[in-house]
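Engineer: Take a look at the letters that make up each chain.
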Amino acid sequence: MTRDLFAAIARHLQGVTPDEERLDRYAPALEKASDAVSLASGELPIAAEPSHFVRILQAERWQED
Amino acid sequence: MADPATLRRLGVVDLARAIASGDVTAEDAASACLEGLRTVGARLNCVVRLEEEEAMVAAREVDRRRRNGHPMGPLEGVPLACKDIFFRHDRPCSCGSPIMDGFVASETATVLDRLSKAGALYLGALHLPEFARGTTGQNETLGPCRNPWNEDYVTGGSSSGSAAAVAARLVPGALGTDTAGSIRFPASMCGVVGLKPTYSLVSRAGVMPLSWSLDCVGTIARTALDCARLLSVLGGHDPVDPTSTPDAPCEYEPLVTRPIRDLKVGVPENYFFDQVADPIARSLDAAVEVLKDAGAAIEVVRVPDMMRTEAFSRVVREVEAATVHAGWMRTRAGDYSSTMLERTEQGLYFMATRYCEALNLRALVLGEFIDAALKDADVLFVPAVPIPTPRIADFEDAQPDEAAALMEGLARTSRAVNYLGLPAIVAPCGFLPDGLPIAFQLFGRPFSDPLLLRVVHQYQARTEWHQRLPPVAFDPAPEPK
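Chains A and B, in that order, give the protein sequences. Quick note: the first sequence uses this note's numbering, first residue 101, plus one each step. Quick note: the second sequence uses this note's numbering, first residue 290, plus one each step.
By construction, these hints were calculated from the structure, which means they are not laboratory data. Every value quoted in this text rests on a predicted model; they were computed, and no experiment measured them. Cβ atoms here follow ideal geometry from the backbone N, Cα and C, with glycine treated the same way. Take these hints with a grain of salt, some might be off.
If you only want the chain A side, here are some residues facing chain B, beta carbon under 10 Å, derived [what the hints assert, rightly or not]:
id : residue
1  : F106
2  : D119
3  : Y126
Simulated crosslink set (DMTMM-like; lysine to aspartate or glutamate; CA at most 20 Å straight-line) [stated by the list, open to error]:
id : chain 1 : residue 1 : chain 2 : residue 2
4  : B       : K664      : B       : E753
5  : A       : K132      : B       : D690
6  : B       : K664      : A       : E160
7  : A       : K132      : A       : D104
8  : B       : K664      : B       : E558
9  : B       : K581      : B       : E753
10 : B       : K406      : B       : D379
11 : B       : K581      : B       : D665
12 : B       : K581      : B       : D536
13 : A       : K132      : B       : E631
14 : B       : K406      : B       : D352
15 : B       : K406      : B       : E342
16 : A       : K132      : A       : E121
17 : B       : K553      : A       : E164
18 : B       : K553      : B       : E697
19 : B       : K664      : B       : D551
20 : B       : K553      : A       : D104
21 : B       : K406      : B       : E350
22 : B       : K553      : B       : D536
23 : B       : K664      : A       : D119
24 : B       : K406      : B       : E324
25 : A       : K132      : B       : E697
26 : B       : K553      : B       : D665
27 : A       : K132      : B       : D594
Reference excerpt, derived from the structure (chain A facing chain B, CB under 10 Å, subset only) [unchecked claim]:
id : residue
28 : L105
29 : I109
30 : A110
31 : L113
32 : V116
33 : T117
34 : R125
Using the sequences plus the hints, can you model the full thing?
Structural biologist: Right under this line is the structure:
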């Protein structure tokens with residue numbers, strides 16, 4: 101199902117025709133990674149926008165004693 | 290002229306000092322390094338392109354300036370080289386790919402400008418997998434980069450040429466990039482120190498991107514002190530890179546030479562040591578003992594779900610890489626290697642919302658990681674590469690699934706840290722029975738780069754792994770009798 105969806109996206113939306121064998125190989129891993137993000141996003145409140153990440157690093161910074 | 294063998298044993302800091310004092314000329318240093326790159330570099334296949342004439346002119350200018358009493362910069366006359374992914378104005382940059390044939394850069398990377406202003410000599414461009422995508426140092430166009438400790442083995446990638454050249458004493462230091470371990474894998478497998486700085490600490494302007502949310506420019510050298518000298522020159526705000534830190538450049542060396550008494554070193558009880566090969570585990574245990582002897586306290590810590598963090602990292606990495614290459618994948622797919630194409634086209638299939646969610650989660654996941662792993666520890670001690678370094682033939686003979694599984698095994702303890710933006714460093718701590726190096730890895734809080742360097746410096750002050758010469762080096766060790 102996911103594999104066929106990827107193949108359709110590739111052909112119709114991305115203008116790329118992936119090799120069938122390659123697609124078979126990596127589709128399960130893509131689905132797993134996508135599901136992990138989806139699951140975590142459902143559990144957590146909406147976070148800061150991505151451009152805040154550098155500022156988050158500053159806020160969490162190590163300080164010499 | 291200084292003895293070439295002595296010259297080649299000097300690291301970044303010692304060579305800069307020797308040139309500044311007049312004990313060594315920049316011309317001799319550059320000449321010795323170029324000879325090594327032409328000969329041993331060709332044998333290891335770690336060189337893409339040399340800039341010999343330009344380097345020698347610059348070296349003579351350094352010597353002239355010193356004779357005339359001009360102040361010497363922190364890297365004055367020190368020969369360096371870089372993975373072929375850093376742009377230089379009006380010069381080619383292959384990125385290890387036929388796609389870039391005929392490309393001439395219209396800008397110079399900020400980091401190369403900073404090295405040049407500090408007096409460093411640019412000797413040339415070094416090997417990498419196509420567009421820096423690869424854990425092992427293989428490239429279908431350039432051929433594999435060979436490990437100086439045994440030419441049948443991979444160097445690790447993607448900063449393959451940088452690590453091989455430093456390990457073989459062809460240059461005292463080199464630049465690499467790290468999106469998912471690309472400085473740390475080759476540094477670990479070649480037995481040198483590799484620093485992936487905190488995300489944003491070093492400018493990426495003028496560097497071919499792979500995944501702009503994860504890419505870091507970092508250093509490869511033989512000692513922590515050499516990396517500190519390089520980082521002092523490279524780090525700090527760059528107005529040309531909007532993602533760079535607002536911090537001004539910092540002098541790291543005085544911070545690195547402090548003791549580590551009472552420092553807390555966290556050792557994770559879950560995930561990181563689950564699949565470590567026996568000889569590697571023994572060397573890591575011994576390295577922990579050295580840190581204890583240096584006065585550090587060892588704390589057992591528990592890390593959050595790293596598989597989940599790597600899944601998030603994968604979404605960001607693959608989508609951004611596919612975005613960088615989408616145009617060429619549509620129009621010039623046949624010019625990519627099959628490996629590069631397979632890895633990169635995967636990013637075309639994630640939903641846009643998944644990518645945004647993965648970025649949104651980043652700050653929260655970082656907070657979770659710091660609370661769990663770095664609340665009671667100053668640094669985290671983990672394996673650099675948990676399994677033995679593979680042979681080149683292991684990949685050439687493998688089915689795609691087998692090769693992918695091997696690469697996952699190599700990368701298991703390194704990839705996720707790029708998503709967290711944290712600094713990481715690897716340093717040699719032993720050797721496998723087949724003579725290939727073993728390394729440990731440290732993570733720390735954001736901008737704790739000098740702390741990581743300090744721990745490695747104290748470790749290196751008590752051990753001699755970093756002083757060993759590989760069999761294939763410009764100044765080879767004598768054959769054992």
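Engineer: Hints numbered earlier in the text: which of these fail when held up against the supplied structure?
Structural biologist: 4, 12, 18, 20, 22, 23, 24
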